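With the hints as extra help, turn the sequences into a complete structure.
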Amino acid sequence: MEQNLYQLSAHTIRALSMDAVQKANSGHPGMPMGMADVATILWSKFLRHNPDNPNWFDRDRFILSAGHGSMLLYSLLHLSGYDVSMEDLKSFRQMGSKTPGHPEFGMTPGVEMTTGPLGQGFATGVGMAMAERFLGAKFNDEAHTLVDHYTYAIVSDGDLMEGVSHEAASLAGHLKLGKLIYLYDANSISIEGDTDLAFTENVVERFLAYGWQVMEIDGHNHGEIAGAIISAQKNTNKPSLIVCRTKIGFGSPNKEGKESSHGSPLGEDEIRLTKEVYGFDPNRSFEVDPGVYELFALRAKDGAIAQLDWQSKIDSLKNSDPEKYQAIYSWIKKDYIRDLDSYLPHFEADNKGMATRASSGKVINAIKDALPNLIGGSADLGPSTKTDIEGDGSFTVKNPTGRTIHFGVREFGMAAAVNGMMLHGGVHAFGATFFVFTDYLRPALRLAALMKLPSIFVMTHDSIGLGEDGPTHQPIEHLASLRAMPNVLVIRPADANEVSQAWKTALEHTTGPSVLVLTRQNVPTYSRTETNPASLLSKGAYILSASPTSKVDGVVMATGSEVQLAMQAQADLAEKGVGVQVVSMPSWELFELQPEEYKQQVLPADITKRVSIEAGSTFGWQKYLGLQGKAIGVDSFGESAPFEELYEHFNITKEAIIDYFS
1 MEQNLYQLSA HTIRALSMDA VQKANSGHPG MPMGMADVAT ILWSKFLRHN PDNPNWFDRD
61 RFILSAGHGS MLLYSLLHLS GYDVSMEDLK SFRQMGSKTP GHPEFGMTPG VEMTTGPLGQ
121 GFATGVGMAM AERFLGAKFN DEAHTLVDHY TYAIVSDGDL MEGVSHEAAS LAGHLKLGKL
181 IYLYDANSIS IEGDTDLAFT ENVVERFLAY GWQVMEIDGH NHGEIAGAII SAQKNTNKPS
241 LIVCRTKIGF GSPNKEGKES SHGSPLGEDE IRLTKEVYGF DPNRSFEVDP GVYELFALRA
301 KDGAIAQLDW QSKIDSLKNS DPEKYQAIYS WIKKDYIRDL DSYLPHFEAD NKGMATRASS
361 GKVINAIKDA LPNLIGGSAD LGPSTKTDIE GDGSFTVKNP TGRTIHFGVR EFGMAAAVNG
421 MMLHGGVHAF GATFFVFTDY LRPALRLAAL MKLPSIFVMT HDSIGLGEDG PTHQPIEHLA
481 SLRAMPNVLV IRPADANEVS QAWKTALEHT TGPSVLVLTR QNVPTYSRTE TNPASLLSKG
541 AYILSASPTS KVDGVVMATG SEVQLAMQAQ ADLAEKGVGV QVVSMPSWEL FELQPEEYKQ
601 QVLPADITKR VSIEAGSTFG WQKYLGLQGK AIGVDSFGES APFEELYEHF NITKEAIIDY
661 FS
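Residue numbers (our numbering): 1 to 662.
Hints listed in this document are in silico derivations from the structure and should not be mistaken for laboratory results. Some hints could be false.
Stated by the list, open to error - Straight-line C-alpha distance at most 30 Å; calculated DSS-like pairs for lysine-lysine:
#1 452 with 623
#2 398 with 324
#3 334 with 398
#4 234 with 138
#5 452 with 90
#6 45 with 313
#7 609 with 630
#8 362 with 324
#9 576 with 599
#10 333 with 318
#11 45 with 138
#12 301 with 90
#13 539 with 609
#14 176 with 45
#15 313 with 176
#16 576 with 551
Remember, predicted model here, so these are calculated numbers, not experimental data.
Take a look at the structure:
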């Protein structure tokens, strides 16, 4: 009887998926039909979760990396008792529904992350497992086990083909993330047909080489599925890949095992035939036997009990260890960012100054004690990006409380893992690399923006100022391209004190990722008064230096390392009787949030003589320059030479500013 109920549940998921895709006349029924057995066993026997509190901190995480099969997840959420109704299933892929075409974080309760771009769910789950390990090492002891859960994912052939899966799997194997369990839907079908067309590698040998535990099972045999998950849970020294041999479109008489079931509705006639195979009434749709609800409700009840037990452990800390209680409570509730101003370093005015990457390193290590859950690292560039957190060592198998992560040369995997850590919660994560390599991590940055996830990315070596490394390493179009991406906060600070405020702004930002764009070369540290405090960075643009003459003839706007050229030009123009005010403009996005009155104060409408200077693409500056303004920048690729020569070669000079006003 029990076995029949599990089979009935799997068939119910298949039928719901077929019906919803058919009603929408759009979607992917084949994958949910193929993985329904695996999902049923995982969700009804093993997944520790509480539908009444989808954000319970010590829940297991489940990612549907194969996000095109979203009806599988929506069916599971509905059957388990999440706030996903039958009407929501009937509204699949419709405007404003809780059941969009691919799972969207923040839209549907129980959805742990936005998936769809293949490979990213796989890689992001690695970050979740990293956060679980770090927090468990921080808070678990013999008396209390406060962080102890698994990260599961269903991954597809397409996920494993994407390059980011290689980066992430390699990192997970290196870190021996034993609580990471992936169920691979090995159905051997892609959109174009059999995967043999393009994908013939030995997946088992590949993951064994990465250091994973690998098991191969019949993905329709419930006993084998359960046994493999138990074996995976017991292996605490290796992540696990369970290769589930499945049939896409399972049960469909004419489309099982064929690409025709992958990305299109089966059709009314085929659905009727398939339901007959399942023993269902072919004339009825969106039906669930009460016993199926009861099966999933039992697991939900277990999850609710587990949460109560966990909460009692947390509450017991109030008296036994109030310091630990306050720490874990604030980390979970995300109210740990307090009193940053008292920790932020202040840098004295200095014409020689320092590179903003160097001042960023000083800021990180000044605030590390205020934010003991700040964790991050670089893609093998720590000495260059200056992002190592001193004192706690590296995050390794032997030192799971280390706060400096060595991501290796895996920019995309790094960014996805940072997103995973932020989605997991309890930590504040960052990743770092050279600015030009945003090209390698852009998909994860975009996904963070889509999820409005406050990941932090530190991007150094930000311009032709990189010098001799040449055009392959000199970012030109990157500022413009990131400014074009919604929900991304781009900050290019001009000096050390702006860097200090940039970190504060990024840490307090909650509606999307922040990108700190930093120099390789030294820049001056500017004098500060009540009229030009570096805290004005939070407004995106401000008057760094007012006109030294009695009138304002024009405005010079600049960011980052080019602010010094604006300051030099201002002084030379003043000697000629021309008065300009210098506007440091580290963040367009923050400036756009300011009231019109403030914008007019910084960029008065009646001052039409305007020039911008930035060692990158001029694209977008006309918005602030107007028809009469001039943008000084680099609209070609760079060259290999000492950076001083490059600035002259591309006419990124104070003379270019002066010529405009002459």
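Tested hints:
Taking the CA atoms of residue 452 and residue 623, the gap is about 25 Å. The hint holds against a cut of 30 Å. Distance hint between residue 398 and residue 324 is fulfilled; the C-alpha atoms sit about 22 Å from each other, no more than 30 Å. Straight-line distance between C-alpha atoms of residue 334 and residue 398 comes to about 28 Å, which keeps the hinted pair within the 30 Å bound. For the given pair, residue 234 sits about 22 Å from residue 138 by alpha-carbon distance, which is consistent with the 30 Å threshold.
A threshold of 30 Å between alpha carbons decides the hint, and for residue 452 with residue 90 the separation of about 27 Å falls inside it, so the pair holds. Taken as a hint, the residue 45 and residue 313 pair is honoured in the structure, with Cα atoms around 24 Å apart against an allowance of 30 Å. For the hint pairing residue 609 with residue 630, the CA-to-CA distance comes to about 9 Å; that is within 30 Å, so the pair holds. With a CA separation close to 28 Å, the supplied pair residue 362 and residue 324 stays within the 30 Å bound.
In summary, the hint linking residue 576 to residue 599 is supported, as the alpha carbons are separated by about 28 Å, within the 30 Å threshold. Only pairs whose Cα atoms come within 30 Å are accepted, and residue 333 paired with residue 318 is accepted, the gap being roughly 16 Å. A distance of roughly 29 Å separates the Cα atoms of residue 45 and residue 138; the hinted pair therefore holds under the 30 Å criterion. Restraint check for residue 301 and residue 90: the C-alpha separation of about 26 Å stays at or below 30 Å, so the hint holds.
A hinted pair counts as satisfied when its Cα atoms are at most 30 Å apart, and residue 539 with residue 609 qualifies at roughly 23 Å. Pair hint residue 176 plus residue 45 holds up; C-alpha atoms about 25 Å apart against a cutoff of 30 Å. Our distance criterion of 30 Å between C-alpha atoms is met by residue 313 and residue 176, whose separation comes to about 28 Å. For the hint linking residue 576 to residue 551, the alpha-carbon distance of about 13 Å falls within 30 Å, and the restraint holds.
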